[in-house]
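Sequences and hints are given; from them, build the entire structure.
Chains as they are written, first to last, in the working numbering: chain A, 1 to 156; chain B, 157 to 312.
Keep in mind that the hints were calculated from the coordinates and are not lab data.
What you were told as hints is all true, and nothing was included just to trick you.
Going by beta-carbon spacing under 8 Å, a handful of chain A positions derived as facing chain B: (1) V20; (2) A24; (3) A48; (4) Y70; (5) K74; (6) G75; (7) Y79; (8) E81; (9) D82.
Here are the computed lysine-lysine pairs in the BS3-like style, where the Cα-Cα straight-line distance is at most 30 Å: (10) A/K115 with A/K74; (11) A/K115 with B/K264; (12) B/K230 with A/K74; (13) A/K74 with A/K108; (14) B/K264 with B/K230; (15) A/K108 with B/K230; (16) B/K230 with A/K115; (17) B/K264 with A/K74.
To give an idea of the interface, some chain B residues facing chain A are shown, with a C-beta separation under 8 Å as derived from the structure: (18) V176; (19) A180; (20) T190; (21) A191; (22) A204; (23) F205; (24) Y223; (25) L224; (26) T225; (27) Y226; (28) T228; (29) W229; (30) K230; (31) Y235; (32) D238.
Only a predicted model underlies this, so the values are computations on that prediction, with no experimental measurement involved.
The beta carbon of each residue, even a glycine, is placed where N, CA and C say it ideally should be.
Each chain is listed here by its residues.
2 protein chains.
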Amino acid sequence: MNVTIRPATEADLPAIHQLVRELAIYERAEEQFTADLDTYRADFREGAFEALVAEEGGTVVGMALYYLTYSTWKGKMLYLEDFVVRPERRRQGIGRFLFEAFLTQAVKRDCRLVKWQVLDWNTPALRFYERYGALIEREWWNGKIFLSDLKKNEFV
Amino acid sequence: MNVTIRPATEADLPAIHQLVRELAIYERAEEQFTADLDTYRADFREGAFEALVAEEGGTVVGMALYYLTYSTWKGKMLYLEDFVVRPERRRQGIGRFLFEAFLTQAVKRDCRLVKWQVLDWNTPALRFYERYGALIEREWWNGKIFLSDLKKNEFV
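Structure below.
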């Protein structure tokens with residue numbers, strides 16, 4: 001495996017948009033995915049989101065998409081909106097590399113917390129996060145809201 | 157009543173910090189409020205959050221604190237993190253002015269959605285949002301996650 005983790009550029013947006021579509025299909029909600037590629041391009045230029053991509057042989061095989069948010073009780077928080085590895089490339093450590101690169105971004109920005117949500121039937125994802133000792137903040141509709149305090153975790 | 161709604165400046169941060177403390181007390185969770193005023197100052201300068209304040213006779217009597225987030229399915233979303241009017245100044249329309257100014261900010265930034273959360277025992281807040289026709293996106297722990305599609309609402 002020769003996978004590079006790097007910040008996404010505008011050239012990666014078609015691949016990112018396609019991965020989000022595949023994630024929407026996996027979450028059984030493709031009809032709710034209405035943002036088009038031009039919207040992504042304009043919003044990325046404006047800084048509305050950032051992403052890390054995992055690239056292998058010129059192909060994007062995974063990505064973590066995030067943005068800065070704020071907890072008025074705790075301080076800066078990096079929110080992981082989407083996190084996906086192509087199905088055929090799973091279980092090879094790419095998710096771990098991406099997730100750890102995301103945590104590194106949060107530390108670089110002096111964030112106090114990272115946060116993300118998981119559907120409760122997504123067992124592989126839940127197992128993945130449990131290995132990181134992530135805290136479940138709240139039960140939510142058909143999923144869980146995870147919250148990790150960067151200052152208390154050892155793994156960063 | 158002579159209330160002005162305007163964007164917050166750094167000089168408003170002590171009042172905003174105090175309002176967040178009062179909100180944490182109202183939500184029975186003051187011990188979880190650990191961010192200090194210096195943290196607010198540094199994070200506000202960096203653009204981690206923005207706020208609108210309601211000012212009356214030189215005093216901040218309410219505020220709406222928000223930041224830009226992203227829905228990879230829909231596009232740009234303005235997230236209302238904290239929204240509070242001083243108890244003695246409630247039921248006088250200040251909340252309505254603030255909330256509508258927040259919606260105007262979302263429209264100005266070409267956001268597709270606005271989003272916020274409410275504790276389910278906060279009946280006055282729930283009633284307030286119901287009047288705006290806000291959609292409840294998800295049930296969550298001890299509250300609700302509201303989501304409004306700006307393109308479908310008439311009230312903006």
